[in-house]
Amino acid sequence: MELWNLMSIILLLGLTLRWTVSLNSYSGAGKPPMFGDYEAQRHWQEITYNLPVKQWYFNTSDNNLQYWGLDYPPLTAYHSLICAYVAKVINPDWISLHTSRGYESLEHKLFMRSTVFVADLIVYISAVFFYGFYLNKSSEKKKVFNVLCMLVYPGLILIDYGHFQYNCVSLGFTLWGIISFTYQRYLLGSLAFVLALNYKQMELYHSLPFFCFLLGKSFSKGIKGDGLVLLVKIAFTVIASFALCWLPFLTTEQIFQVLRRLFPVDRGIFEDKVANIWCSLSVLLKIKNVISLQTQLKLSFAATLLSVIPTCIKLTIHPNLKGFIFSLANCSLSFFLFSFHVHEKSILLAALPVCLLLNETALMSTWFLVASTFSMLPLLLKDGLLLPYIVTSLLFLLVTMTSSVLEKTSEEDLKLKPFCISIRRYISWFNIPKQLMRNIFLLSVITMAILSVVSATLTPPSGLPDLFPLLVSVVSCIHFLYFWMYFNILHFWEPTNKIKTN
Amino acid sequence: ANKVIFLTVMAASRVEDWKWFLVLAAGVSLLKCLLIPTYHSTDFEVHRNWLAITHSLPISQWYYEDTSEWTLDYPPLFAWFEYLLSQIGRYFDKEMLAVQNLNYGSTATIIFQRLTVIFTDILFMYAARECCRCIPEKKDGKELFKRPAFVLAVLLLWNFGLLIVDHIHFQYNGFLFGLLLLSVARLFQNRNLESALLFTILLNFKHIFLYVAPAYGIYLLRSYCFTSSKPDGSLKWSTFSFLRLASLGLIVCSVFAVSFGPFIAMGQLPQVLSRLFPFKRGLCHAYWAPNFWALYNVIDKALSVIGLKCGLLNIESIPKASMTGGLVQEFQHTVLPSVSPLITLICTFISIMPAVCCLWLKHRGPYGFLHCLILCALGSFLFGWHVHEKAILIAILPLSLLAVKGKKEAGIFLVLSTTGHLSLFPLLFTAQELPIKILLMLLFTVYSFSALRDLFREDRLLSWLEVLYLCGLIPLGIFCELFYPLTPWKERFPFLPLLLTSVYCALGVMQSWLKLYILLLNESATVKPKKDQ
Chain B
-6 MELWNLMSII
4 LLLGLTLRWT
14 VSLNSYSGAG
24 KPPMFGDYEA
34 QRHWQEITYN
44 LPVKQWYFNT
54 SDNNLQYWGL
64 DYPPLTAYHS
74 LICAYVAKVI
84 NPDWISLHTS
94 RGYESLEHKL
104 FMRSTVFVAD
114 LIVYISAVFF
124 YGFYLNKSSE
134 KKKVFNVLCM
144 LVYPGLILID
154 YGHFQYNCVS
164 LGFTLWGIIS
174 FTYQRYLLGS
184 LAFVLALNYK
194 QMELYHSLPF
204 FCFLLGKSFS
214 KGIKGDGLVL
224 LVKIAFTVIA
234 SFALCWLPFL
244 TTEQIFQVLR
254 RLFPVDRGIF
264 EDKVANIWCS
274 LSVLLKIKNV
284 ISLQTQLKLS
294 FAATLLSVIP
304 TCIKLTIHPN
314 LKGFIFSLAN
324 CSLSFFLFSF
334 HVHEKSILLA
344 ALPVCLLLNE
354 TALMSTWFLV
364 ASTFSMLPLL
374 LKDGLLLPYI
384 VTSLLFLLVT
394 MTSSVLEKTS
404 EEDLKLKPFC
414 ISIRRYISWF
424 NIPKQLMRNI
434 FLLSVITMAI
444 LSVVSATLTP
454 PSGLPDLFPL
464 LVSVVSCIHF
474 LYFWMYFNIL
484 HFWEPTNKIK
494 TN
Chain L
-6 ANKVIFLTVM
4 AASRVEDWKW
14 FLVLAAGVSL
24 LKCLLIPTYH
34 STDFEVHRNW
44 LAITHSLPIS
54 QWYYEDTSEW
64 TLDYPPLFAW
74 FEYLLSQIGR
84 YFDKEMLAVQ
94 NLNYGSTATI
104 IFQRLTVIFT
114 DILFMYAARE
124 CCRCIPEKKD
134 GKELFKRPAF
144 VLAVLLLWNF
154 GLLIVDHIHF
164 QYNGFLFGLL
174 LLSVARLFQN
184 RNLESALLFT
194 ILLNFKHIFL
204 YVAPAYGIYL
214 LRSYCFTSSK
224 PDGSLKWSTF
234 SFLRLASLGL
244 IVCSVFAVSF
254 GPFIAMGQLP
264 QVLSRLFPFK
274 RGLCHAYWAP
284 NFWALYNVID
294 KALSVIGLKC
304 GLLNIESIPK
314 ASMTGGLVQE
324 FQHTVLPSVS
334 PLITLICTFI
344 SIMPAVCCLW
354 LKHRGPYGFL
364 HCLILCALGS
374 FLFGWHVHEK
384 AILIAILPLS
394 LLAVKGKKEA
404 GIFLVLSTTG
414 HLSLFPLLFT
424 AQELPIKILL
434 MLLFTVYSFS
444 ALRDLFREDR
454 LLSWLEVLYL
464 CGLIPLGIFC
474 ELFYPLTPWK
484 ERFPFLPLLL
494 TSVYCALGVM
504 QSWLKLYILL
514 LNESATVKPK
524 KDQ
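First to last, the sequence lines map onto chains B and L. First residue of the first sequence: -6, per the numbering used here; consecutive thereafter. First residue of the second sequence: -6, per the numbering used here; consecutive thereafter.
Keep in mind the hints are simulated off the structure, nothing from the lab. Ideal Cβ positions, reconstructed from N, Cα and C, are used throughout, including at glycine. One should not assume that every hint holds.
[As the list claims (entries may be wrong)] Here's a subset of chain B near chain L, in silico, CB distances under 8 Å, partners left out:
no., residue
1, GLU(-5)
2, LEU387
3, LEU391
[Claimed, not checked] Far from chain L, by Cβ distances over 10 Å, these chain B residues were calculated:
no., residue
4, SER213
5, LYS281
6, HIS311
The whole structure should be built from the sequences, with the hints applied where relevant.
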């Protein structure tokens, strides 16, 4: 079949999947007074359309920040504004100031869903296709497989089309950044990443690899000649694009207010049950109660910094593309596991680079992506998304199993050969049995399946209402720690003498 | 000769790995699960009501009960099928099994009913697999995506019409078509008696398949009861086997006896038959099927408008009944003669006669039978009384088997499936299902075009006129689905999109029918003693 036809079939499959998931419920559906993320996005449309820019981030009589105040960077606000203009044409009630609070109707749901659909198509899906079909140097079959897997990855679909958010936009911009880097368009890549960062501040998880990669590239060109020029150009691009995004907010008062809204440091080290170290540790020790807020901040900052140092140094010294992607995975996992006030949805930031590794490390990437979807189970259950969760997860497993990932378990397939060789220098008998990973994988998938069924069907004992979400979090956290180590090993033992992809 | 084909196919399939088939089947099943929350039509309530009737009433009242307007109007085996389902349904929600609970639709009920459709589709999948095994593989061992069996599996399992009619609109066509395809596959495998049994069972599930019964009757009589043909394929009277005829008769009669026997014993046969064949309904179904009568009605309307303009008709002489209020009602023609059920019956009979005769005169093996079956389905679709647009699937699904056999058949399949599927669009009219039907339709169409083109390594399966016609479907679809609902005419002429779709698609269906007929006549004229194909 021609590549073009195959591409359209995959695209249509991905879009069908997205729209069918979007028929389900969304976060906070019919739950006054606060509703959920869906209402937050609608409220932002109301705010941005009706209030002058100066008031968007300020608490005024028309803008109660306690009720879903805008706490995303300016690009999200602009996007809301554009959506609001469309909404105004269709039905002005959807965004009328004050009176539209908690507005819910079938038409409005359709409208909101289609805004995600359009944004996804323009930013994320187009990037996936570009990446999959133009940059991948692998065989046609592998390309098709990779793009298909990326498009049916359940985590992103469930959060964007079920729960309701626009993660596809920020992730899409990041992906465009990665694509630009592959073409050695460093300025364009920086611009794309600045856009991502200005859409969602969580993209900071990805910022260190971007920074280190560009820094490393400049160093490798010679810091006194071309490298310096490149660095200056990049710095100028970043500052200029930042300034452009923040144009209406360029007074000291505004900037500080926006920053305060973006980084609410007074909200504690974790909020809901989330699969990171702090939440899992609190099973043993109630961190929130024992340590003061300031110490929590410092502790998490130190832990995060320590955990990202190795991969960042390696990337700065050897700035190649594969290392860049490994580093993106490592850093986002580090931030997810160790940083302050993490949301369960932030695992999507780690999922993006892992998606790009699906052809390299098929088994481990599949495993991670399944685990990441599983880690959001408590949230999905709260939103009434059990059915799409089960179906899309099974679909993803089905798609990945077609490329027989279960047989790719040798040291070479796992890309652990260099690592094993260096270990054998000290422990000569060291060896990874061929079936080991496969069996652990199956065991883990079965555990996740059982926990999913249990969380969905059983009521927890009355003394421990959070038992199942906590179990899910701890199990996922163990998984993520394991993947964090794995990808760090991969990055560290990655052969560096290879010629870089141009 | 059939035996040889059969044996080689068997040998090939044993070696084959059917993993890919399972992947396709599992994939589409998961998609079906995702469609659970979509809109469902009144057919959902129809089947819930039947569950309730069969569960809570004695058999003697099944065909008399009329609390709901959706009375039981399928043959007895289907009623028993609903009875079986209701035994499981008890554990989901008892309330849905009460006859008085009209329009009951709790979440448990919806999930239960949707799941019954998804699970009974397993029979369809099995039948599709059996059909794939009947397809002779091409000699050069090619990659999976270019194998006829793979293409056929996708065309059957991922059929757009079946997906939206069963899993969105809500009906149980999947397992019924499973029975049909399985009986076709059994004919291919030379298991004639089994095929007859399956088809008779199918008839007792849903009597709409009576339309294709002539093909079965004639084929079995001709190719099974007569044990061999002359070298040129014509009939050899001396080889008639009475034993075979008797065993066929026994099978058919015993199935009917099991199904209708109890009702005959209770003296309810006239009542059951009056439920099964409600001739009081109108010539055209609420949503016009794209058939001959759609064209006929439009020509009549056009003539009456012209007649009024020219003063040849006066207004008093025109009956008031509007053409398509969207109701199941009788429609009186103004200029052209009105059509009675008898006339449609005669037209249908005439339309399928040549095909049946060909089947009798020339022995062409199971492919000849399949060809005739499709012509019967199309003939009755085009000329039948009160035809549902969904009935086009009776032609499209079996035609998939022919499509992977030859270029010409593939071309016909593309025209018929595209127009037939597009004519199903009005079934789903809610905004949230609009993207789904467009996406799924595109998915199936893009796949069938590219896969069939690959299969025959041919760029032009269609003539330029056909391409032009099919391209015309795009603006038609955009106009009817996206543009028209936004215009003020929507209130005044709500039926206009339906009418346009039906008339435009009717042309394509008619053309496919004619081409298929020409193909049959050509092949019958040039038929030679069969060797391996």
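Hint check:
1. Because the smallest distance between the Cβ of GLU(-5) of chain B and any Cβ of chain L comes to about 6 Å, under 8 Å, the interface hint for this residue holds.
2. Of the supplied interface hints, the one on LEU387 of chain B holds, with its beta-carbon coming within about 6 Å of a beta-carbon of chain L, less than 8 Å.
3. Among the interface hints, the one on LEU391 of chain B holds; its C-beta lies about 6 Å from the nearest C-beta in chain L, closer than the 8 Å criterion.
4. In this structure SER213 of chain B is separated from chain L by more than 10 Å, as the shortest Cβ-Cβ distance comes to about 43 Å.
5. In this structure LYS281 of chain B is separated from chain L by more than 10 Å, as the shortest Cβ-Cβ distance comes to about 38 Å.
6. Separation of HIS311 of chain B from chain L is adequate, the least Cβ-Cβ distance of about 39 Å exceeding the 10 Å criterion.
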